[in-house]
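Q: Residues per chain, in single letters:
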Amino acid sequence: MATDTAVVAPKAISMADYKGRVDPDWCPGCGDFGVLAAVQKALVELQIPKHEVATISGIGCSSNFPGFIETYGMHTLHGRALPVATGMKLANHAMTVLVTGGDGDGFGIGCGHFVHAMRRNVDLTYIVMDNQIYGLTTGQTSPTSRIGMKTKSMPYGNIESPLSPVALALAAGATFVARGFSGDQKHLTELLKRGIEHKGFSFIDVFSPCVTYNHDNTFQWFRPRVKKLEDNPDYDAGDWNAAMEKSVIWGEEIPIGKFFERTDLPTLHGAEPVLNAGPLVHQNNRIPADVAKTFIEELM
Amino acid sequence: MNQSFAVGIGGAAGQGVATPGDIFAKIFSRRGLHLNAYNAYQSIIRGGHTFLTVRTGPQKISNTGDHLDLLIPLNQDTMDRHLRLLTAGGACLYNADLIQPGSAAAGVQLCPMPVSKMADITRNKVGQNTLAIGASLSLMGIGFPALESVLVEQFRKKEQAVIDENVSLARAGYDYATQNFKPFAWPLPMTEARYAVLSGNAAMAMGGAAAGVKFYSAYPMSPATGVLHWMAAHARKAQIMVRQVEDEIGVVTMAIGAAHAGVRAMCATSGGGFALMSEGMGLSAQAEIPIVVIDCQRAGPSTGVPTKTEQGDLWQMLGAGFGDYPKVIAAPLDIADCFKLIPEIFNITDRFQCPGIVLCDLLLSEGRLSVDPKELDFAPVIDRGEMIASNGTGDHEPYKRYKITESGVSPRAIPGLPGYTHVVSSDEHDEDGVLISDEYTNAGKRRAMMEKRMRKVDGIAASVPPPELHGPANADVTLIGWGSTYGVIEEACELLREAGISANYLIVRWLVPLHGDAIVDLLRDARHTIIVENNFSGQFARYLRSETSFVPDGNIRKYDGEPFAPHHIVEAVKEQLAGKTKLSVPAHEIMV
Chain A
1 MATDTAVVAP KAISMADYKG RVDPDWCPGC GDFGVLAAVQ KALVELQIPK
51 HEVATISGIG CSSNFPGFIE TYGMHTLHGR ALPVATGMKL ANHAMTVLVT
101 GGDGDGFGIG CGHFVHAMRR NVDLTYIVMD NQIYGLTTGQ TSPTSRIGMK
151 TKSMPYGNIE SPLSPVALAL AAGATFVARG FSGDQKHLTE LLKRGIEHKG
201 FSFIDVFSPC VTYNHDNTFQ WFRPRVKKLE DNPDYDAGDW NAAMEKSVIW
251 GEEIPIGKFF ERTDLPTLHG AEPVLNAGPL VHQNNRIPAD VAKTFIEELM
Chain B
1 MNQSFAVGIG GAAGQGVATP GDIFAKIFSR RGLHLNAYNA YQSIIRGGHT
51 FLTVRTGPQK ISNTGDHLDL LIPLNQDTMD RHLRLLTAGG ACLYNADLIQ
101 PGSAAAGVQL CPMPVSKMAD ITRNKVGQNT LAIGASLSLM GIGFPALESV
151 LVEQFRKKEQ AVIDENVSLA RAGYDYATQN FKPFAWPLPM TEARYAVLSG
201 NAAMAMGGAA AGVKFYSAYP MSPATGVLHW MAAHARKAQI MVRQVEDEIG
251 VVTMAIGAAH AGVRAMCATS GGGFALMSEG MGLSAQAEIP IVVIDCQRAG
301 PSTGVPTKTE QGDLWQMLGA GFGDYPKVIA APLDIADCFK LIPEIFNITD
351 RFQCPGIVLC DLLLSEGRLS VDPKELDFAP VIDRGEMIAS NGTGDHEPYK
401 RYKITESGVS PRAIPGLPGY THVVSSDEHD EDGVLISDEY TNAGKRRAMM
451 EKRMRKVDGI AASVPPPELH GPANADVTLI GWGSTYGVIE EACELLREAG
501 ISANYLIVRW LVPLHGDAIV DLLRDARHTI IVENNFSGQF ARYLRSETSF
551 VPDGNIRKYD GEPFAPHHIV EAVKEQLAGK TKLSVPAHEI MV
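Sequence order for the protein chains is A and B. For the first sequence, my numbering gives the first residue as 1, with consecutive numbering after it. For the second sequence, my numbering gives the first residue as 1, with consecutive numbering after it.
Derived DEER-like restraints, expressed as beta-carbon distance ranges:
#1 B:Pro-301 <-> A:Thr-137: 29 to 35 Å
#2 B:Gly-385 <-> A:Leu-265: 36 to 42 Å
#3 B:Ser-407 <-> A:Arg-262: 46 to 52 Å
#4 B:Pro-398 <-> A:Arg-262: 40 to 46 Å
#5 B:Glu-589 <-> A:Leu-163: 53 to 59 Å
#6 A:Asp-231 <-> B:Pro-301: 55 to 61 Å
#7 B:Val-520 <-> A:Thr-138: 47 to 53 Å
#8 A:Ala-171 <-> B:His-588: 48 to 54 Å
#9 A:Gly-157 <-> B:Pro-301: 35 to 41 Å
#10 B:Ser-549 <-> A:Arg-21: 46 to 52 Å
#11 A:Val-211 <-> B:Pro-220: 41 to 47 Å
If you want the footprint, here are the derived chain B segments under chain A, 3+ residues with CB under 8 Å:
#12 191 to 197
#13 214 to 224
#14 232 to 238
#15 254 to 265
#16 418 to 425
#17 429 to 436
Derived from the structure by calculation, the hints contain no laboratory data. Just so we're clear, the structure is a prediction, and the values are computed from it rather than from any experiment. Every residue gets a Cβ at the ideal spot worked out from N, C-alpha and C, and that includes glycine.
Using the sequences and the hints, build the whole thing.
A: Here it is in structure tokens:
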């Protein structure tokens, strides 16, 4: 036994480290439990210390996520998680920043920010628990609800087309686009790991069924339909056109997996020379006297 | 009365009004003269009417005044509208080929320049402007070399031929005026002082840099865009992250994200953009993440008059967001104060972990003022408040982000530190950051958290001074204003004293906290009180009454988009002291 060695291996990061202070208050059977577990597993498998992770959410059932995982969490405003996360990442790009929320939060009220965060290639991992319904407000139509779906806000059936989050992400220039299913945790965990490791904006749309208000898109409905792109050896996730084609397939077969990834574009923080000197939060906040002098001299 | 000299230059947008303005500003400030400049313009890029006034003199110039000493109309329209502003001893320099003179007041010198005979300006559309600048300098008694050096600098990015052409045009104008026109009776003096000339927007941006702002986000909106322009142009030298964001909701929330990560974050907008930021103000307060938002007021409501000034956003600021929360609102008094106020308000928002609002307006944002460079202090006190920025060496008690304390302030731990992970939240939460608003709702915890946050109000009040009364005691009239009306009120008081009416004034800089009791004490013995403000409903008067029950003897209000001139206030005071009215709304005589 090498008991005299001074080198002590750092304690491995375990699921216990990421256990939140309170248990989730989601409905029993909610899809979000599976997403929470997969995120925790991904962080453990990547051995990222919890203090280096920020989890930022908007408002809604799934946006209560930061309270259920032990990281630097932030529960912001409805639809505003992405700009808050962008500000946080730019101010401290050493952090791993996860953004969590739902389809109403991200594709409804927050859709403007969604598009711009993607075109900026902010190095965030955006996990949308997409249940095709507004849950916390007790069941209204969402931007991903199917045509004909009856809800409290459209009791005679939805007459507005749902958007395709994956196609939208591809069109907006996201550099990592994937779709997972809460009912396949192993697959989802892998997608999350790849998304977290990706340098740039990674978007992971996750089917996370609402067991209380959405009686159309249930676990039972999704399970036979979801087909993994990874099972097709000919599928090339570097081919944007192929990804676009797959993104609009919806029906008896619904593709999940990594649709697209490119690694040749700089991240927002990587493209900004102000950050060459390191994370903003660790930089000096005083303007050097010689620089201040030039600012005044230009006015004279 | 201080000696001063005012130049007005007007023309259509695109005719080149800005450049002569810049040249005059440089020449005046390099002679050691103070100046105050204001450009009246419209929301178009070409055409319309734009009129720049630059007033200068050896003492501080607090506003652009009541009259002109020199008018340079670049088109007939300007001649027709503004000639009446010239008073005896003044002069009007104009292109006699294009412009018919109007009838001027007695003692005004009309100075026609036969431009086509003086120079070939067919290739140089703004040639007449350069001739006029040259002629102006001659009338002012300033030697030509001062102008030549400024012209060389102004056109330094152009080829030598352009510089030479402009210098020779200026020379031709200078010589023509020397031979044909009578110089001003008061040649512009020179002093040893040297001033920086800057806009309020540049001043607020620089104040931010001095305060240690590391993150600035914005969406373009007049009249706040100048802050973004300064920040963007100087970002790399100042090491500030500057982002143009998709909308003001994104602007404020991005700033909050950066502030949460531990840097000072600031943004600027106007009333419409601020309306979008309201929910973010509540987030800043509830999550206890300090930010500073600048609101550059313009004439509202809605799109309103985008290029005109007003003090009409006060109640929007007072009521920004829903619910009760601690905040700070301050209105800078002049352009130098635009700089100074930013580090001050950041120290308060950081110490009390709440949002701060700088309530500026177009008059200051886009006006320009000479400022002693010593006033632009890039090493001000920076107090980040109670902040855990290092995890130290030993163990610590379990960290509670929203720990209940006597001051209401709970130390902030900066994300990234081992051992301090926590959740910050827009939802009501307990000391630990755990939400109480869903299944854990607890009336006791809610009350405790409300009281914790609101206890900060007392600390904030103790950290800002109450306003003071300036001028003679027992005055005939006491003028009360806030923010940008400081300069014009100060001069109006002087003019009133010259007219035999003793006047003093009280200017409010810190709107929240207000120090209402101190204000009432100061006004208790006032003989006649009048509140002066640039809005329709008397927003400050209503606020002061709501906080203190104080009602003034009269009000002077202006809501036509243009700032007050000193005579507007003087005449209104006279009519109110004569008992003619309790509410004066001075008419703006010139359409600009």
